[in-house]
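Here the protein sequences come in this chain order: A and B.
For the first sequence, the numbering used here gives the first residue as 1, with consecutive numbering after it.
For the second sequence, the numbering used here gives the first residue as 1, with consecutive numbering after it.
Hints are not guaranteed to be accurate.
Computed footprint of chain A on chain B, listed as stretches where at least three residues anywhere in the stretch have a Cβ under 8 Å from a Cβ of chain A [as the list claims (entries may be wrong)]:
#1 46-52
#2 91-104
#3 141-151
#4 179-188
Hints in this document: simulated from the structure, not taken from any laboratory.
Backbone N, C-alpha and C fix where the C-beta goes; we use that ideal spot for every residue, glycine too.
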Amino acid sequence: MNMEDLDELLSESLRPKDPSYGFADRVVARLQAERQLRIVPAERRFKVVPIRRSHSAVFGKREWLAAAALLLISISAGVFFYTRERSYAEVAKSEQNSDVRPSMPKTTEQNPDKLQSNPNIAEAGRKPTVRVVSHHRVRVAVARTDAEAERAKDELKLALYIASAKLNTAEDRARSVITPSRETSDDQPVLRPEK
Amino acid sequence: MLSRIRIYERGRQERVIQVAEPLLTDLLARSAAGDQAAFGDLVHEHQRMVFGLAYHFVHDRDLAEELAQDVFLSLYRNIKSIESEAHLVNWLRKVTSHRCLDQVRRGKFRSHLNIDDVQEPFHVPRMGDVILEKKVRNLVASLPEKARMVVILRYQEDLDPLEIAETLDMPVNTVKSHLRRSIEALRGKLSRSLER
């Protein structure tokens, strides 16, 4: 058998063959069955499928409004607390420099009659006297205890006592200058405490 | 653009007809879009080639149909990657060949035929003889797996050694040596039958 005959014989024998009737329909039916049963192909079984959502779906108009409102509230709160802290700090500074009291913070005693008329305040002795310090449109209520008030009162009394002593001394010296024959029994000033 | 399609009819010379390429491209595009009817037409168009390759290799009609179905289902899953009709034909050839070889390697199918066990044809061969053709197919089925697939691709698909090498991912020289040895073995068997 020569080569050409063999080639021809092989070509004839190995022709493409038809499958059984309805093969294509069976393939399509199997395809539909697989899709209905949702059989995941082996190569895609462990594949991570990303879930794609639009940005508007994640963060919509309502969420934007809520975020803006929250931001506004937080800014307002921040401004409020910042101005409050600053006014406290200024009041404290002005109290430190009490000798040279600045004219800007205007201090007014609040409800003095009410405090005096209330008998419980005197008995308690620890009730705070309230005063209001106003400065640059900021009004701050400052609490001061009775102990501080007492101390201030004592300091005032001492100052008055010294002042009256100095006044007496000056008066005596003036008298001795006017009437030199007259001798005074004592050179030291007579301290007369004020009532 | 025209596409050439071979038509084989029993007892007749092979005919080659030309089909308008847009028709096949349209089928491919519709199948990729999920049209199952178009995919059915596409299967119908190529079932002879795929089933023929599988049948000549495994020599079992049911197993060959099962393999061919698997190939087409795999095609449906990968149809979006197919770019043209020529690409589709090459893809089908390649996948069918590898599926057949994998089937043998996994041990699901083993050829029970051995070339020495196959009875030699006892009569003078005539072209178109059904019995002779069956005997030749038996002889081909008794070849080793790779050599068998090389012979089937060479004579069924009329591929040259370079195309066979690309399809089976093997060196061209290996393809040529498989072809040479297989043809020598087949010719020896057939020649002995002629000498009787």
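Here is what the structure says about each hint:
1. 46-52: holds (count 5)
2. 91-104: With 0 residues close enough to chain A, the hint is violated.
3. 141-151: violated (count 1)
4. 179-188: holds (count 3)
Checked against the numbered hints above, the structure violates hints 2 and 3; every other hint is satisfied.
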